[in-house]
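In terms of numbering that gives the first Met the number 0, the numbers along the sequence shown are unbroken and rise by one, the last being 143.
Check each hint, because a few of them may be wrong.
Unchecked claim - Distance windows between CB atoms, simulated:
| no. | residue 1 | residue 2 | range |
| --- | --- | --- | --- |
| 1 | Gly25 | Arg58 | 13 to 21 Å |
| 2 | Asp11 | Gly51 | 21 to 29 Å |
| 3 | Gly40 | Asp2 | 20 to 28 Å |
| 4 | Val100 | Glu120 | 14 to 22 Å |
| 5 | Gln118 | Glu64 | 25 to 33 Å |
| 6 | Asp11 | Gln118 | 42 to 50 Å |
| 7 | Glu64 | Asp23 | 21 to 29 Å |
| 8 | Glu120 | Asp2 | 38 to 46 Å |
| 9 | Glu64 | Asp11 | 14 to 22 Å |
| 10 | His94 | Asp2 | 37 to 45 Å |
| 11 | Thr4 | Gly119 | 36 to 44 Å |
| 12 | Asp18 | Thr83 | 31 to 39 Å |
| 13 | Asp11 | Gly110 | 18 to 26 Å |
Source of the hints: derived by calculation from the structure; they are not laboratory data.
Don't be surprised by glycine CBs; every beta carbon is placed ideally from N, CA and C.
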Amino acid sequence: MADLTDPYARGDIVVRLKDKEWYDLGGGTRFKLLRCNLETGEWVIYVHMQPGATFAPHRHLSDSEYYVTRGELLYDVGSAPEGTYGYEPLGSVHHEARCEVETEMLFFGHGAVVYTGEQGELRFILDSEFLRDVASGSVLADVS
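All chains, please: the whole structure from these sequences, using the hints.
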């Protein structure tokens, strides 16, 4: 029988958040890897942000969706408090996303997100391979 908790599985996946391990994304942000498809590039993570945590400037190379389960996400387009669904289309650019209170969200990435420095230089690409590498411990991340 297949392991239904394997985030890399091509078939059915059934996971409980409480059973998944936290991985550090730096700057007070961590995640649980729920799904990571290396063929399609799609990924699903559960994100936890400490008060004051930020996501650095980034550009979406695919659509993304999120649902805030706790706290409030603040960014260029406004406020996303608990219970908010958000959609970020291909090409969206965000100069900073942050939280002032402890915040958690379910995040669906349909491809890559490019993180840049203050001058627009490439810092790293957050995609399914990057998340796999963070989860394996072979890459250290800092999204702040």
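- Item | Range hint 21 to 29 Å (beta carbons of Asp11 and Gly51) holds or violated | 38 Å, violated
- Query: Is 20 to 28 Å a correct range for the gap between the Cβ atoms of Gly40 and Asp2?
  - Reply: The hint (20 to 28 Å, Cβ to Cβ) holds, given that Gly40 and Asp2 are roughly 22 Å apart.
- Query: Is the gap between the beta carbons of Glu64 and Asp23 within 21 to 29 Å?
  - Reply: 23 Å, holds
- Query: So does Glu64 sit 14 to 22 Å from Asp11, Cβ to Cβ?
  - Reply: 21 Å, holds
- Mind checking the hinted window 14 to 22 Å against the Cβ distance between Val100 and Glu120? Since the Cβ atoms of Val100 and Glu120 sit about 31 Å apart, the hinted range of 14 to 22 Å is violated.
- Query: When you take the CB atoms of Glu120 and Asp2, is the distance between them in 38 to 46 Å?
  - Reply: 40 Å, holds
- Query: Between Thr4 and Gly119, is the Cβ distance one that fits in 36 to 44 Å?
  - Reply: 39 Å, holds
- Task: Evaluate the given range 18 to 26 Å for the C-beta pair formed by Asp11 and Gly110.
- Result: 22 Å, holds
- Go ahead and decide if the range 25 to 33 Å is satisfied by the Cβ distance of Gln118 to Glu64. 29 Å, holds
- Holds or violated: 37 to 45 Å for the Cβ distance of His94 and Asp2? 40 Å, holds
- Query: Between Gly25 and Arg58, does the C-beta distance stay in 13 to 21 Å?
  - Reply: 19 Å, holds
- Message: Holds or violated: the 31 to 39 Å window for the beta-carbon distance between Asp18 and Thr83?
- Response: 26 Å, violated
Hints 2, 4 and 12, counting from the list given before, are not met by this structure.
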